[in-house]
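My request is simple: use the sequences and hints to build the entire structure.
Line by line, the protein sequences give chains X and Z. Letter 140 of the first sequence, counting from 1, is numbered 140 in the working numbering, and no numbers are missing. Letter 106 of the second sequence, counting from 1, is numbered 1106 in the working numbering, and no numbers are missing.
It is worth saying that the hints were derived from the structure and are not from the lab. Hints are not guaranteed to be accurate.
Stated by the list, open to error - Quick list of in silico lysine-lysine cross-link-like pairs, DSBU-like style, CA-CA up to 30 Å:
(1) Z/K1080 to X/K124
(2) X/K72 to Z/K1080
(3) Z/K1093 to X/K52
(4) X/K105 to X/K79
(5) Z/K1093 to X/K79
(6) X/K124 to X/K9
(7) X/K124 to X/K23
(8) Z/K1154 to X/K72
(9) Z/K1093 to X/K88
(10) X/K23 to X/K9
Stated by the list, open to error - Here are the in silico distance ranges between beta carbons for each label pair:
(11) Z/I1084 to X/W159: 25 to 33 Å
(12) X/R142 to Z/K1010: 13 to 21 Å
(13) Z/A1018 to X/R7: 33 to 41 Å
(14) X/D50 to Z/I1084: 23 to 31 Å
(15) X/W159 to Z/A1059: 13 to 21 Å
(16) Z/N1094 to X/R4: 44 to 52 Å
(17) X/Y81 to Z/K1154: 29 to 37 Å
(18) X/Q60 to Z/T1097: 15 to 23 Å
(19) Z/Q1016 to X/G37: 23 to 31 Å
(20) Z/K1012 to X/E2: 35 to 43 Å
(21) Z/P1072 to X/S136: 43 to 51 Å
(22) X/K23 to Z/E1114: 41 to 49 Å
Unchecked claim - Here chain Z is said to cover these stretches of chain X; the calculated rule only asks that three of the stretch's residues, wherever they fall, bring their Cβ under 8 Å from a Cβ of chain Z:
(23) 10 to 22
(24) 31 to 41
(25) 84 to 95
Glycine is no exception: its CB is placed at the ideal position from the N, C-alpha and C atoms.
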Amino acid sequence: MEWRAMRRKDLIMDEAESIEFLKENSDGHLGTKNPDGSPYITPINYAYEDGKFILHCAMQGQKVENMKANDKVCFEVSKRYDLIRSGKPCSAWETFYKSVICFGKAVFVEDIEEKGRLLTIFTKWFTGEEREFTLSPEAVKRTCVIVIEVEHMTGKKNWGAK
Amino acid sequence: MHGQHPMRRKDKVMTQEAIERFVSQNDICHIVMNGENGYPYVIPINYVYSNGIFILHSAMQGLKMDLLKADPRVCLEISKMLNIETEGRVPCKNFKTEFISVIAFGKIEFPEGEAKIDILSQFSAHYMGKAKEDIGATEKVQAFMMRTGVLTLKPDYMTGKSEVKEA
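Quick look at the structure:
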């Protein structure tokens, strides 16, 4: 598969730093496709493990229906750190940000044990706590767990390039 | 209208008034468009919401401009995490997440000429903390504006979802 190279070579954030950024955050934005081919976006919490995003949600809803019909998704994580407004707009102003955009396929996890393992990783990631949590088999069963296997990733940052 | 799907969680539906208020108070959004290789493409971008229209700006070139010219259908999302409580042992049941999110559906337009200068002045005014009338773009500034990519979205409709203790 061919992907266009980033236009702004000066703003490329390399893979190691992009992954580091993904590990520092827990909220992203998921792009899917509606049945009529129009795009759809959802904010969602994630955990990241070895090139995969772990997501969870209810068993029903638009994003779930979309991914069941079309597994191609885009997952984006970004942060605006600061906006410097001095001098002329655009020429002197600066937005300090980092953003990572990933493309991949959504896989619905069915195996109960694997779902439990992923939900435990997710809970620890989300809370930042190592303590024990209670995930009953019934709760695991009725939760939808989705893994996005990243096929292509780009990172972009402005950290004071001007 | 593309992509219309009634919200599953009726208990979290926001009124149109609350939606307008929320989008007027923020200036970062995420938009999704149809991307390369049949995948969707999501990007973060600054916006200004004025008179029922989302105003975005960009370089004239780049992937998003090419993609949007080929297929202007987008979905624009503004969201905010307000509070997360993770006390207790049972995730979801004990935990509480307070959030607001709004999703707007529609087609991107590319204003040209005077309309472009007018809309970009509105955009600049927001970030400069001025009134649009006080921007007073000189000829040189107008020429600069003409070299900027300007995108607008007048949504076909917006949906809002919120879980907040005190709305």
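Verification of the supplied hints:
no. : hint                          : result
1   : Z/K1080 to X/K124             : holds (22 Å)
2   : X/K72 to Z/K1080              : holds (26 Å)
3   : Z/K1093 to X/K52              : holds (26 Å)
4   : X/K105 to X/K79               : holds (24 Å)
5   : Z/K1093 to X/K79              : holds (29 Å)
6   : X/K124 to X/K9                : violated (36 Å)
7   : X/K124 to X/K23               : holds (12 Å)
8   : Z/K1154 to X/K72              : holds (27 Å)
9   : Z/K1093 to X/K88              : violated (50 Å)
10  : X/K23 to X/K9                 : holds (24 Å)
11  : Z/I1084 to X/W159: 25 to 33 Å : holds (27 Å)
12  : X/R142 to Z/K1010: 13 to 21 Å : holds (20 Å)
13  : Z/A1018 to X/R7: 33 to 41 Å   : holds (38 Å)
14  : X/D50 to Z/I1084: 23 to 31 Å  : holds (25 Å)
15  : X/W159 to Z/A1059: 13 to 21 Å : holds (19 Å)
16  : Z/N1094 to X/R4: 44 to 52 Å   : holds (45 Å)
17  : X/Y81 to Z/K1154: 29 to 37 Å  : holds (31 Å)
18  : X/Q60 to Z/T1097: 15 to 23 Å  : holds (19 Å)
19  : Z/Q1016 to X/G37: 23 to 31 Å  : holds (27 Å)
20  : Z/K1012 to X/E2: 35 to 43 Å   : holds (41 Å)
21  : Z/P1072 to X/S136: 43 to 51 Å : holds (47 Å)
22  : X/K23 to Z/E1114: 41 to 49 Å  : holds (48 Å)
23  : 10 to 22                      : violated (count 0)
24  : 31 to 41                      : holds (count 10)
25  : 84 to 95                      : holds (count 5)
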